[in-house]
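Colleague: Sequence:
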Amino acid sequence: MSLALFAEQLLNGVQFGVMLFLMSAGLTLVFGVMGLINLAHGSLYMVGGFLCAAVAAYTGSFVLGLMAALTGAAAAGVLVEMLVIRRLYHRDHLDQVLATFALILIFSEGTRWIFGSFPLFLDVPEILSGPVSLPLGIQYPAYRLMIIVAGLAVALGLYLLITRTRLGIRIRAGESDREMIAALGVDIAWLYTVVFALGAALAGFAGALVGAIQSVQIGMGEPVLILAFVVIVIGGIGSVKGALIGALLVGLTDTMGRFLLPQFFATFMENASATTIGSALASMLIYILMAGVLIFKPQGLFGGTS
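What the sequence shown shows, in numbering that gives the first Met the number 0, is residues 0 to 305, in sequence order.
If you are wondering where the hints come from, they were derived from the structure by calculation, not from laboratory data. Just so you know, these numbers come straight off a predicted model, no measurement behind them. Some hints could be false.
[Stated by the list, open to error] Simulated restraints, written as ranges between beta carbons of each label pair:
{"hint": "1", "residue 1": "Lys296", "residue 2": "Ser132", "range": "20 to 28 Å"}
{"hint": "2", "residue 1": "Gly156", "residue 2": "Leu93", "range": "30 to 38 Å"}
{"hint": "3", "residue 1": "Pro297", "residue 2": "Ala182", "range": "24 to 32 Å"}
Note that CB positions come from ideal geometry on N, CA and C, so glycine has one too.
Working from the sequences, and respecting the hints, build out all of it.
Modeller: See below:
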C-alpha cells in the first residue's frame, strides 16, 4: 500500500466527516435549543439534493442549484416548524418521534409527486471536475476538496455566529435556560424558527453537495440521519464543536476501517471469507467507537458546551 493511497483515503474520511458535520450541526442545534427529536431532518437533506439537481439541470448553473437548495430547505424548515413542530415543544419525545416520522412519509411522497420516482443526477461543475495535485504525488478530486473547504468554512462561520453575535448569545442561553430568556423578553418562538431554519439550510446544503457524488433519490437522507445521530451522541448534544470533532472521528473511522480491515484480514487469514469478515467488522467500527466514548464520557466528548 503506497503512502499516496493511504493519504487519499484519509482525505476521503475527512470529506465524509465534513459532510456528516453539515448534517449533524443543524440536528444538534435543534435538539440542544429546542429539546426536539427531529427524525425528518434527513428529509430536508433530501429536499436540498433534489432542489439543487433540478435547478442546476434547468439553469445550467451549479451555484444557482446550491442557492436553491439552501433557500428551499430553509423555507421548508420554517413551514414545518410553524405548522407542525411548534405544537410539539411541550409534548413528550414519543409524540415528537411519531410526528416527525410522519413528516418523513409526507416529504417522501411529496418529493415523488413533484420530481418523480427516478433518481436525478447532478454534474460536478466543470471548473471542479478534474483532480488537484497535492504533496506526496496525490491526485485528489477538486470537487471533494471543495467539499472539505466549504464544510470547514461553515464550521468557522457557525463558531463565529454562536460565540460573537447577539443571535448566538440567545441560542446559547436557550440551550441553558429557555424559560429565563423568555422571561427577559426574547421572542422564543422567533428564536426557535430561526434555529430550525438554520438547521434545515445546513441539511439542504449537505444534500446538494453530496448530490454531485451520488445520485439524488427518494430516501437518501435516512442512512445519513442515522450517522448524524451517532455523531451528536459522540460529540455531545447541543455542541457544534462536538459535532465537528465527532463527525471527523466517524468519517475517518468508517473510511479507514473499510479501507484497512479487509486488507488486514486478507493478509493474515487464508480462507475465502477473510475479506467478508473484515468488511463486516469495518461496518461496526463507528458503533464500537460510540460505545467506547459513552463508557468514559456518557454526555459525549463536549456535552454541555457550544
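Colleague: Work down the list of hints and note, for each, if the structure agrees.
Modeller: Do the hints match the structure? See the list:
no.	hint	verdict
1	Lys296 - Ser132: 20 to 28 Å	violated (40 Å)
2	Gly156 - Leu93: 30 to 38 Å	holds (35 Å)
3	Pro297 - Ala182: 24 to 32 Å	holds (31 Å)
Violated hint for the displayed structure: number 1, the only one.
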